[in-house]
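Peer 1: For reference, the chains in residue letters:
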Amino acid sequence: MATDPAAVGQEFYAGLRQYYSAAEIVELGSFIGFNLGFHTFFGTLKFYPMFAPDGRLVNQQESARIYGDAPASLVGAGRG
Amino acid sequence: MPCIEPLAPGEIRDPELRALIERCERLGVPDSLFPRILARVPDYARALLRAMLISHAEGNVDHKLKEIIRVQLARRAADPYFAGLRSAKAMADGLDEAAIAAGCDDYERSPRFSEAEKWALRYADQMYLNPASVDAAFYAGMKQHYSEAQIMELGAFIALHYGMQVFMRTLANGVPASATSEA
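First to last, the sequence lines map onto chains P and S. Numbering that gives the first Met the number 0 applies: residue 0 is where the first sequence begins, and numbers increase by one. Numbering that gives the first Met the number 0 applies: residue 0 is where the second sequence begins, and numbers increase by one.
Don't take every hint at face value.
[As the list claims (entries may be wrong)] Taking lysine-lysine pairs in the PhoX-like style, the calculated list, with each CA pair at most 25 Å apart, reads:
(1) S:K142 - S:K63
(2) S:K142 - P:K45
(3) S:K63 - S:K117
(4) P:K45 - S:K63
(5) S:K63 - S:K88
Hints were generated in silico from the structure; no laboratory data involved.
Just chain P, same shape as in the assembly:
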């Protein structure tokens, strides 16, 4: 849904129905759609973690200095 929505069609849904009820598929689909929309929005806002690695509460400026431009939380997101 996030990278190739054209691939998620009737055949794909038929495959999902082998394992999930219609209600579960709607639950998954709306959850994914919600996260797809909001994570991109949040990404533009440049949030940084509220806590330093040692557990201290830090402001956004200090957090940006600690975590830099490539947060470890994005490793494995296919973004290099």
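Dock chain S against the given chain P, drawing on the hints supplied.
Peer 2: Here is chain S on its own, set in the frame of chain P:
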């Protein structure tokens, strides 16, 4: 019929959900089809429909501008269902198809839109086309025309509606457009 069949109206017995669906039908966005699919998960349906209605039809950013943005996003998501819907409230307030078409096309050069409206259209346009361009400088530009509350209102509206459009697009993939139209 979409890939997940909507519940029949008579199968939806939760009064709060029925009221939300009636409100959707009155606004026209969404009509009852998407809500009746969501109704398979009533807790989700109540929360999502309430958020969709509030973010679109309430708040402090012009509803007609949001309607143009919503159609622009639906076209970007290649979702014929949401792209084909129109807000009855926006149309009653004077929005027309020419303005929607202009907002989905080269709005940057269009004399129809104020600088503030172009920033909002650009925000939606770039959010999913090129999110890296929506950076601190971009937000500084938006703040020349909108309060931070209005920017959050727009951002949340864009994120929620785009996310639901992508989901609905997958439900309608390979399905004739007439099967997802209630008109």
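Peer 1: If a hint holds in the structure, say so; if it doesn't, say that too.
Peer 2: Results of checking the hints against the structure:
no.: 1; hint: S:K142 - S:K63; result: holds, 20 Å
no.: 2; hint: S:K142 - P:K45; result: holds, 16 Å
no.: 3; hint: S:K63 - S:K117; result: holds, 13 Å
no.: 4; hint: P:K45 - S:K63; result: violated, 29 Å
no.: 5; hint: S:K63 - S:K88; result: holds, 8 Å
The structure is inconsistent with hint 4 alone, although it conforms to all the rest.
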